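*Asks:* What follows is the residue order along each chain.
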Amino acid sequence: AQKVTQAQTEISVVEKEDVTLDCVYETRDTTYYLFWYKQPPSGELVFLIRRNSFDEQNEISGRYSWNFQKSTSSFNFTITASQVVDSAVYFCALSEAKVNTGFQKLVFGTGTRLLVSP
Amino acid sequence: DAGITQSPRHKVTETGTPVTLRCHQTENHRYMYWYRQDPGHGLRLIHYSYGVKDTDKGEVSDGYSVSRSKTEDFLLTLESATSSQTSVYFCAISGGRLAPGNEQFFGPGTRLTVL
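Protein chains in written order, with this note's numbering: chain F, 84 to 201; chain V, 939 to 1053.
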């Protein structure tokens, strides 16, 4: 069975600090996708990134970066120079890959609440 | 146009009453999903659809049924609501313009309270 663990329930930082959100996953599939979603206080779910199991390159998007390591089954998310607007709950998710069909059954972690204070 | 809407956005009901939540999309996405979000559990898949009249169960389907008679609408029904079904319900879509790359695009959510 697939499983996603986000051991950090809540993290508090002061603005401009760097913060890393951990995600560890379990799957028997050799082909799978990993995702990060953001849920700000307003409640909507915002897609941040998708990574497939064949692509272990790290990705950077502005202040956001992701580190995917198959050897440790981890897909960690780092926010550099955090801002108050980064305050949200962040979810990591995993799905088996129905290649290029668009169909995904996502398994979510329990989320990490990030509080960034001024 | 938001692309995906949910109605109602908030509902309070009593134990034992039937409740139907609606998810409506305007972008002709093939796949639709219903999740519930609860503290300490993240989001869990209830049911999903891979086409008109084609649906299947997810991880937490007991007490729920779904129907999809048109591409654009995916209904979630609680036949007899219980307090354990108090939750925030999210609809999601994939396989189309709003979610072209295997990710899912989520609706705004429905907060359901069962008294």
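Source of the hints: derived by calculation from the structure; they are not laboratory data.
Quantities reported herein were computed from a predicted structural model and do not represent experimental measurements.
Cβ atoms here follow ideal geometry from the backbone N, Cα and C, with glycine treated the same way.
Fair warning: there could be bad hints in the mix.
Said to hold, decoys possible - Taking lysine-lysine and the BS3-like style, the derived pairs with C-alpha atoms no more than 25 Å apart in a straight line are:
1) K1008/V to K86/F
2) K153/F to K121/F
3) K86/F to K153/F
4) K86/F to K188/F
5) K121/F to K99/F
6) K188/F to K153/F
7) K949/V to K995/V
8) K995/V to K99/F
9) K995/V to K188/F
10) K86/F to K949/V
11) K995/V to K1008/V
12) K99/F to K153/F
To be verified - Simulated DEER-style distance windows between Cβ atoms:
13) T1009/V to S157/F: 17 to 27 Å
14) S125/F to S1021/V: 43 to 53 Å
15) E1017/V to E98/F: 42 to 52 Å
16) T943/V to N135/F: 45 to 55 Å
17) K991/V to Q85/F: 35 to 45 Å
*Asks:* Could you tell me which of the hints above the structure violates, numbers in ascending order?
*Replies:* 1, 8, 10, 12, 13, 14, 16, 17
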